[in-house]
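Read off the chains here:
2 protein chains.
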Amino acid sequence: MKNNNQTPIKIKEGKIIEFLESKKHEINYLIETYLPRKVSEEWMEFIFGKPRYRYSLESTQNTLINPIWDFLDRGGKRWRPVLFLLIYEALGGKKEKFPKDLLIIPELVHNGTIMVDDIEDEGELRRGKPTLHKLFGEDVAINAGNFIYFFPLLAIQKNRDKLSEKQINKIYDIYVQEMVNLSLGQGTDIYWHKGKAKEIDESEYLQMCAYKTGCLARMSAKIAAICASANNETISKVGKIAEALGVAFQIQDDILDIDLKDEARNNFGKSFGNDIKEGKRTLMVIYTSQKANEKDKERLAEILDKEENNEKEIVEAIKILEKYGSLDYARKKAREIVEASWKEAEPLLMENGSKELLKEFVNYLIERQV
Amino acid sequence: MKNNNQTPIKIKEGKIIEFLESKKHEINYLIETYLPRKVSEEWMEFIFGKPRYRYSLESTQNTLINPIWDFLDRGGKRWRPVLFLLIYEALGGKKEKFPKDLLIIPELVHNGTIMVDDIEDEGELRRGKPTLHKLFGEDVAINAGNFIYFFPLLAIQKNRDKLSEKQINKIYDIYVQEMVNLSLGQGTDIYWHKGKAKEIDESEYLQMCAYKTGCLARMSAKIAAICASANNETISKVGKIAEALGVAFQIQDDILDIDLKDEARNNFGKSFGNDIKEGKRTLMVIYTSQKANEKDKERLAEILDKEENNEKEIVEAIKILEKYGSLDYARKKAREIVEASWKEAEPLLMENGSKELLKEFVNYLIERQV
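Keeping their order, the protein sequence lines are chains A and B. For the first sequence, our numbering begins at 13 and goes up steadily by one. For the second sequence, our numbering begins at 13 and goes up steadily by one.
In case anyone wonders, no lab produced these hints; they're calculated from the structure. A hint or two may mislead.
Since the list gives no way to pick out one identical chain from another, each pair is judged satisfied if it fits inside one copy or across any two copies.
Dumping the calculated EDC-like pairs for lysine to aspartate or glutamate here, alpha-carbon to alpha-carbon at most 20 Å [claimed, not checked]:
| no. | residue 1 | residue 2 |
| --- | --- | --- |
| 1 | 292 | 150 |
| 2 | 50 | 214 |
| 3 | 355 | 334 |
| 4 | 36 | 177 |
| 5 | 307 | 113 |
| 6 | 112 | 323 |
| 7 | 62 | 214 |
| 8 | 324 | 245 |
| 9 | 141 | 310 |
| 10 | 146 | 129 |
| 11 | 307 | 108 |
| 12 | 170 | 185 |
| 13 | 27 | 328 |
| 14 | 62 | 245 |
| 15 | 36 | 320 |
| 16 | 371 | 133 |
| 17 | 107 | 368 |
| 18 | 371 | 30 |
| 19 | 208 | 150 |
| 20 | 206 | 70 |
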């Protein structure tokens, strides 16, 4: 469990960092067993079944495997599968019954959604490299992204020995429901980006986050609970912590995008003030719009709605957001949401070490600087 | 069952046309019960569950409902659900156990794939109107398309009383597998469009079609067979007819795109010679490349690989394809594929009228002029 990796930026010390790092390798390895880096006839039949005519291996390598690995190799925290693992353990799931392969589901789907989001948002950079569609073309990127919306579910079929028919159906049900909800969250976010709805209230914003960012975390937690044979009430409550975590994670992401004090920026591989450029209505923007004087409010909206922004404008917008204390407000809000859900679910978790780790994990996610 | 609709173009007479027309209304109505044209709080909760905070109805109306109905209202044959229905009946499925709502699955998913395909192919027109992303933006179109990759599956959860746990399980498995296969077919098609693999043989081409176009037909047929409590062998065989049908349908589509004798062209709402512009390697192109002299072969490849084509070049390419009889070859091939699968599955079908209708349906699909 020792972490031999050099991390370029200072992060909070603690068991959870070490745990995340060690699991990262395990998850990458697992993904590689389902999606090897080099296509073969054998793998094609394993995944797609026996062909009636003949597969084109070359196109599979170039349109599915290469783009997806290009993306996965850029890193990422792999925290959704870790959440899965921790919840399974905290609910007393048995080690020998653990359908480990299912860990690839939340991770791959998450990566698929970012690939597709980057096209929708016309993103230029992702994790320090040009976005996937800039490298491979939009057609390849959309198709590869959609492929990993379904492909990881094959792990369910291949782990039938560890799951009952009923569990499998529940997993599928949850998966479908969360993907449906995800599209709702994403659609809402897109609509707001376009500046079409200028008056958004906080509760609508939080709902959008709950669905845009909370869905995959909630899916991961709920599937873990189903695997651990939890009852419906427990499934729902751990789902709620995860959702809250997703919301808090999103708020923290939005804060990091504009936090001028962020020392880690240069290592972050993400360009600065993206959300301002995109005209995103974040919690900070909504809060500021309520608190600011008419002049500041109008100027902020003006910068957000402009097609193109220069750096000066971005800094100006951030200064307005800071002036009304919206960053602190957002930080406080994120913490409150997570704490409320944690309190509800805590009594259901077992005192076997994983509860403590889960708590540390929750804190890490909402306080992270990267 | 009388067809009161005026059809603008002459089509082959027969019971199947009437049947298709009458079912079209039924299917549209069914879709509307799941996806009403006007958003409401009630519907939101029916589909997305109770919100933790508050839904934005306005964004749902504008990013999901409006674009999807704009697309659905353009028409389409709705033949995949009809295939579902005919197979269910031909396999002796009981009327009172029929999970009718599942008919929306192949139809909506099919429409989702075209919306997304049009973005991937940079299509300009679809069914006589600008492609969806041209009207609503790429972001909205991708998201709406992805939404209907999952949304219709909610019909499964809502029809639990008509299906056993085992049937539901199988339906989900099939769905996932076919969506995975679809991405493989689509990826291959994209790769070839880009002119990256110039030597494609017929068996690779047919496999691509089996996955790109055959998957949704196969999914529809297999799910119908599962609903009718068919055994695995039967499920597989009706899947094969449907796959063959999908392949033949694709070949016929490719023929219609370049058939200069097509009188229905002006009513078709599809621009002419699209496949040539896109550089698509159709069965006709593959056949011609094998048969043609060096000069014709090179000229054909040159036109296909050009970024932009004028009408003169398109007609020139078609003349080369005609010169070597590739259109007749493709027609013959499509028929052979369907006939071979039909022979295999025929003994499994019941003599209750639906078999005859299914046969007529098969003929219609591969001989259609629109």
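Against the structure, the hints:
1. 292 - 150: between (23 Å within a copy, 17 Å between copies)
2. 50 - 214: Intra 47 Å, inter 24 Å, cutoff 20 Å: neither.
3. 355 - 334: neither (31 Å within a copy, 73 Å between copies)
4. 36 - 177: Classified as neither; 30 Å inside a copy, 35 Å across copies.
5. 307 - 113: Classified as neither; 55 Å inside a copy, 54 Å across copies.
6. 112 - 323: neither (46 Å within a copy, 56 Å between copies)
7. 62 - 214: Only across copies: residue 62 and residue 214 sit 17 Å apart there, 51 Å inside one copy, limit 20 Å.
8. 324 - 245: neither (51 Å within a copy, 67 Å between copies)
9. 141 - 310: neither (35 Å within a copy, 38 Å between copies)
10. 146 - 129: both (13 Å within a copy, 18 Å between copies)
11. 307 - 108: Neither: 63 Å inside a copy, 66 Å across copies.
12. 170 - 185: both (18 Å within a copy, 11 Å between copies)
13. 27 - 328: neither (39 Å within a copy, 69 Å between copies)
14. 62 - 245: between (42 Å within a copy, 15 Å between copies)
15. 36 - 320: neither (38 Å within a copy, 46 Å between copies)
16. 371 - 133: Neither way: residue 371 and residue 133 sit 33 Å apart in one copy and 47 Å across, limit 20 Å.
17. 107 - 368: Within. Shortest intra-copy distance 18 Å satisfies the 20 Å Cα cut-off; inter-copy 55 Å does not.
18. 371 - 30: So residue 371 and residue 30 pass the 20 Å test inside one copy only (15 Å; across, 63 Å).
19. 208 - 150: For residue 208 and residue 150, only the inter-copy Cα distance (16 Å) is at most 20 Å; the intra-copy one is 25 Å.
20. 206 - 70: between (39 Å within a copy, 13 Å between copies)
Against the hints set out earlier in the document, violations occur for numbers 2, 3, 4, 5, 6, 8, 9, 11, 13, 15, 16.
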